[in-house]
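Q: Here is how the chains run, residue by residue.
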Amino acid sequence: MTVEDTAKAQAGAKSALKTLRERRGGVPRELLDANKETVKTRKAVIDALAGGPKTALQIAAQTGLPSQTVFWHLMSMKKYGKVAEGEADGDYFTYGLVEEK
Amino acid sequence: MEKQNIKTDVLIIGGGIAGLQAALDLGDQGFSVLIVEKEASIGGRMINLSKVFPTLDCSSCICTPKMAAAAHHDKISIMTLAQPTNVEHQGAGFAVTVREQPRYLNAEDCTGCRLCEYACPVDLVHEVEGNLGARKAIYVPFNNAIPQVALLDMDNCIMCGACEKACPTHCIDYLQEPREHTIEAGAIIVATGLDLAPMDVKAEYGGGKLVNVLHGLQVERLLAPHGPYGRVLRPSDGKVPDTVAYIQCAGSRDHSIGIPYCSRVCCMYAIKQAMLLSGALPLVEVFIYYMDIRAFGKGFEEFYQNAKAMGIEFIKAKVAQITEDEHRNPVLRYEDQVTGRVEERAHDLVVLSQGVVPAWDPRAVLPVEVGGDGFIAAANENVAPCRTSITGVFAAGVATGPKDIPDSIVQAGAAAAEAAAYLRGNDKVESITTADRPAQRPVEVG
Ligand SMILES: Cc1cc2nc3c(=O)[nH]c(=O)nc-3n(C[C@H](O)[C@H](O)[C@H](O)COP(=O)(O)OP(=O)(O)OC[C@H]3O[C@@H](n4cnc5c(N)ncnc54)[C@H](O)[C@@H]3O)c2cc1C
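The listed protein sequences correspond, in order, to chains U and P.
If you use the working numbering, the first sequence corresponds to residues 313 to 413, in order.
If you use the working numbering, the second sequence corresponds to residues 143 to 588, in order.
Incorrect hints may have been included.
DSS-like mimics (lysine-lysine), calculated; alpha carbons at most 25 angstroms apart, straight line [to be verified]:
id, chain 1, residue 1, chain 2, residue 2
1, U, K320, U, K330
2, P, K193, P, K460
3, P, K193, P, K149
4, P, K217, P, K149
5, P, K440, P, K208
6, P, K193, P, K450
7, P, K458, P, K440
8, U, K320, U, K348
9, U, K394, P, K307
10, P, K149, P, K208
11, U, K348, P, K217
12, U, K326, P, K307
13, U, K390, P, K149
14, U, K330, U, K390
15, P, K149, U, K330
16, P, K458, U, K320
17, U, K348, U, K330
18, U, K355, U, K326
Since the hints were derived computationally from the structure, they do not count as laboratory data.
Remember, predicted model here, so these are calculated numbers, not experimental data.
Take the sequences, apply the hints, and build the full model.
A: Dropping the structure here:
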């Protein structure tokens, strides 16, 4: 793709997005709320990992979040390369943050 | 809505292993085939199983070549995210209305690079992973999906534009609309496969609310190499399970939930999973609570005996109730049929062998006869097991009743042969051997 083509495509997408927003009447409230909640939880998990790798149970104890929620976030972050599995601590694996390149 | 007309010799509804096999068998004979698949990828259940009983071959390794063969076949076209909404007789064949949901991108330009997926800020549970793992609002359905093309889940999109910015081919098209196609087909094969009975059918078993009580397809994902956690862990806290229990006939052979029949594959997949768990977790103890074990197929009894020899514990017992302790360990209350005693035992993870139910009730769209169990009834169960009550409409795989992969493949081959004979105008079995067989497909609808 040439530079002009890319610029044209981007401009097209921007106006399409605007039309889409109008059509859907903006982003539905529930979606925004759910997403906000996810971002908040994600941040809590990342903060808890700042001190080094932890198990889902340890993060849950530190943050007060349900361990199921913490574990799901860890698995999502693992899939998308944000955390990596570390050593096992008994029956539980630890997870640590992956340095951003 | 954009409309399009397509002509094909055979329309196959469902792109699981049965639909794919029927398509390949017909395509290889020169018939044109269109597969209509409701999900974003073909492959059905099989592509997401771990290994198959009783050989323990890798399921996706056997399924992927069939998917690729169908996708690359000259005579086979595939439409994903598509479902039939109406079927009418037309001339010698059928006119089928098919609704295709948008992917919100130009599939021809998408390279499946997943940069959009990495850029998307919306985290969601992944249905393909049995809701155990995560996906984004834009995503390639799974590693070996065919087509390897992303789709945007508009219901969960926050319209931030990050995917478009990340896309190197600028293939995102936010304004795509559903499309309606009219398919003119000489014959139809229904291969719509299975679902599992919902986890909340039995209140005694936690009503679907116990986090460490899973169904068989979820455990298939836990055992798969690219599964949601990358290893076998339990969902409540990521613990490596020390004890796992299977409850057989959890949602089968039970009049109270409307599934009185045997689902046929549960005994074998439970035994298979038990073996695979033992392989993956050397210290795990696996218990199978059962009423009777049905190991009727080729190599099945040996498979069962091997499992016992491996130390898998088979407990003849009726599980009355599942509750949860303070560590979210499921606790089984059961009557041991050998000792007659009522016992309680906690496990780290419990798997319910949920009943196999039909994935599609065709009647509102295609009024073929359906049995009391909901599966498509054969025109004659004894001599025409893959013909339906409508001439020219055939059925194969689990759409006609619970069965395993080899049986689904065999029936798909039979349905393809019946459809081919029907299209050649030789629908009477006795006439096939003597009929003049045209070299080319003679039936064109229209
Ligand atoms: C937990 C579990 C483990 C199993 N393990 C094994 C094993 O180890 N070995 C073995 O032999 N068998 C096993 N089986 C059985 C195996 O899954 C089936 O035999 C096989 O999937 C049947 O293939 P099918 O094509 O008939 O159906 P499916 O695999 O269900 O495929 C049907 C396809 O049709 C599509 N579809 C449904 N409705 C529509 C519609 N309205 N329009 C368009 N498309 C539609 C579906 O999306 C799907 O892609 C297992 C089953 C379960 C539940």
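Q: Hints broken by the structure, by number, lowest first?
A: 2, 3, 8, 11, 13, 14, 15, 16 and 18
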